[in-house]
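So the protein lines, in turn, are chains A and B.
Each residue of the first sequence is one higher than the one before, counting from 1 in my numbering.
Each residue of the second sequence is one higher than the one before, counting from 1 in my numbering.
It is worth saying that the hints were derived from the structure and are not from the lab.
Some clues are possibly wrong.
[Unchecked claim] Straight line, CA to CA, 30 angstroms or less: simulated BS3-like cross-link-like pairs of lysine-lysine:
hint	chain 1	residue 1	chain 2	residue 2
1	A	Lys264	B	Lys34
2	A	Lys278	B	Lys131
3	B	Lys322	A	Lys264
4	A	Lys45	A	Lys75
A quick note: this is a predicted structure, and the numbers were derived from the prediction, not measured.
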Amino acid sequence: MKNFQLLSIFFGLLLTAQAIAQNGSETEALFKTKCAICHTIGKGKLVGPDLANVHDRQTEEWMLKFIKSSQSLIKSGDSTAVALFEANNKMVMPDPMISDDEIRTLLSYIKENSGGAGVAEPYVSIIKDATSEDLQNGKSLFEGRKRLANGGPSCITCHNGLANTFFNENSYSKKDLSASFANLGEQGVRAILENPPYPVMKQAFAKEKIAPQEVHDLLVFISSANAGSTVQAQSNLPSGFLLYGLLGAGALIILYSGFWYGRKSRSVNQSIYKRQIKSIN
Amino acid sequence: MDVRSQISMVFHLDKCIGCHTCSIACKNIWTDRKGAEYQWWNNVETKPGTGYPTRWEDQEIYKGGWEKNNGTINLKGAGKKKGLLNIFHNPNLPVIDDYYEPFTYKYLDLIESPAMDDQPTARPVSLITGKPIDIKMGPNWDDDLSGTPDYARKDPNLHDLSPAEQEAMFQLERMAFFYLPRICNHCLNPACVASCPSGAIYKRGEDGIVLINQQVCRAWRMCVTACPYKKSYYNWHTGKSEKCILCYPRLEAGHAPACMHSCVGRIRYLGVILYDADQIENVASCDTKDIVDSQLNMLLDPFDSKVIEAAKANGVPDSTIKAAQYSPTYKFVKKWGMALPLHPEFRTLPMLFYVPPLLPVMASLSKQDTAQGDNMDPIAKFWNDGWLYDTSTENLWGTIDQARFPLKYMANLFSAGDEEKVKIVLKKLMAVRIHRRGVTVGDIPPEKVEIALREAGMDAETADEIYKLTSLAKFDDRFVIPPAHREQAIEMLEFTGDTKGSTGFGFKEQPVRGL
Chain A
1 MKNFQLLSIF FGLLLTAQAI AQNGSETEAL FKTKCAICHT IGKGKLVGPD
51 LANVHDRQTE EWMLKFIKSS QSLIKSGDST AVALFEANNK MVMPDPMISD
101 DEIRTLLSYI KENSGGAGVA EPYVSIIKDA TSEDLQNGKS LFEGRKRLAN
151 GGPSCITCHN GLANTFFNEN SYSKKDLSAS FANLGEQGVR AILENPPYPV
201 MKQAFAKEKI APQEVHDLLV FISSANAGST VQAQSNLPSG FLLYGLLGAG
251 ALIILYSGFW YGRKSRSVNQ SIYKRQIKSI N
Chain B
1 MDVRSQISMV FHLDKCIGCH TCSIACKNIW TDRKGAEYQW WNNVETKPGT
51 GYPTRWEDQE IYKGGWEKNN GTINLKGAGK KKGLLNIFHN PNLPVIDDYY
101 EPFTYKYLDL IESPAMDDQP TARPVSLITG KPIDIKMGPN WDDDLSGTPD
151 YARKDPNLHD LSPAEQEAMF QLERMAFFYL PRICNHCLNP ACVASCPSGA
201 IYKRGEDGIV LINQQVCRAW RMCVTACPYK KSYYNWHTGK SEKCILCYPR
251 LEAGHAPACM HSCVGRIRYL GVILYDADQI ENVASCDTKD IVDSQLNMLL
301 DPFDSKVIEA AKANGVPDST IKAAQYSPTY KFVKKWGMAL PLHPEFRTLP
351 MLFYVPPLLP VMASLSKQDT AQGDNMDPIA KFWNDGWLYD TSTENLWGTI
401 DQARFPLKYM ANLFSAGDEE KVKIVLKKLM AVRIHRRGVT VGDIPPEKVE
451 IALREAGMDA ETADEIYKLT SLAKFDDRFV IPPAHREQAI EMLEFTGDTK
501 GSTGFGFKEQ PVRGL
């Protein structure tokens, strides 16, 4: 499965010092749209790590680069970035498409809010008592048999439950959603549905938000798709697998040679041909 | 009684000189085509020898013919179950090297080569790949090579001869061989027909000729495996199997098949034999020791009024019944009992019969009478009787009992190992010879002739009849071809009155007008 796929969420958001006073609420809104889906400040890990005191862990220079385009940094081989990527299920953090200044503003915002570290509110699942009607409804919405109430495009426009990507590998949007629950959890998926962070999806649902009941039904459906995922995670081969394979192959060879024993394996004239002198090479 | 007619053949091996004219006649007419170069629908083998394809008689290699298990017979190497097991690879199939890689020579190089220091040569090239090859084998590679370790001594028919007997066959100066021409036997219980998964092979109702429908054949090649005589060949170019068609287009026109027509030694006879199809299964599955007798028993007397009646009831035309009454093969096989089927133990009930060769006569000098006699090797036979040109023994049937080929060898070929059957036939041949010697040369005492005829179970008249059909037979005596009645056959398909006024004129395919 193509791991990198999904989404993710970010890390950082920023603020510049000067912006705090004037644009406090604006920065908060920016953090909410760009970062809060995956990150908290002092409320524990969501999809991505808790950002509280992130400035103690990384330099601003580095964070600037990472937030701007985490994948480029990872591909350039930066060890910190790679370690972070590995530590978070190889979840791709989408580029937020904001200016350096905005990133700095968000970073300041995070720094400022890091003080009030608290305990993450436990997430309460909204699909625990889902009914099969919800599932059917979610399926219909996903497959486009039923239109979304606000007129947004059906999920199937870009996604299906199977492997294969619709966009190319470096894209943020991936076609296969079957593993999304496993990777993001209900909270992550719900956040994406409610407030799409990906450029294409964001654009698509900019004016036509998915209604809460529809989010619920889609979550039910996507979670069921996850349960019956067609994509198997690679597991470690049992020890001796190779040995048993070889033994099995050997047994089959012996069986077949017994079965074909006495077959006519070559020309009856072989002995005559063999001693004839060759003039043509 | 289910009386049917079968065109049967008799090959008189005593007359075969091994000239291969039959093979060439056949090749020129039918198999001089791409993919058919290696197919010899008619071939002539030297015996003892390995034949074509090499060691075809050894069914442990090729798994042809039928085998008897628990009272019933099954195909040895084909059929539903075995076919399914071998569906991707049939290990019993002969490969091209079991035949030979067909070749030609680049003759044009001889005349088109530019002037050079050396004479141009015509290199051999494969007719399959088109590339130069080393010729490793040909269709008659063992021709006349009796006694050779590679060929004669690997003859499958030697299997139950003692080493001493085998050695005796191949002693220097005593070594002998004879020729065995072979075509498709057009069997009564053909294994090829039974094996074909596509149902492409059939035995014609009117004359029993076994044919492969080229449009139905799906290249399973089960017939190649199933035919114990290896007379079904796969054409790698057309992807269809082919076999001897007994020149049926010639037969339908009243001509003898090409191989028979061209036969220099006039060894071949062709005629109709009526047989009882109800008995096929019983005969094919009887004990090996009875199979020759059973097969001969199912051939019916065309003069018997019951047989004629049953034949008519079965739709056999009067002209065919009449042809059966004049049939030379009926005389050789049934009336005189002089012809035997080749390898009856394959249980296909072949309808090509062979008059076994009277073993080579060897005249030698008398030890007593000549100055050279004292110098002779003790192994040489001597002669002091003076009544027979065969000087090997004083005894009447000495040439048979002390034959250079053990009778067992002949019996393995023609009577499923029963030496008595071959011996009777050879005695008859010998008796005719003695009788005619008495008539024409007169140096054999009449009482000896009398004894010889009596012991062979025939009278002088029969002996003369045999002599005439053997030595003096004209074309129409050797080939009694029943009229095919194509005029009636075509009436079943179309109304012949339509073309009555324009016979011989018109279009075979109607011209197309316009676009």
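Find the hints from earlier in the document that the structure breaks and name them by number, from lowest to highest. 3
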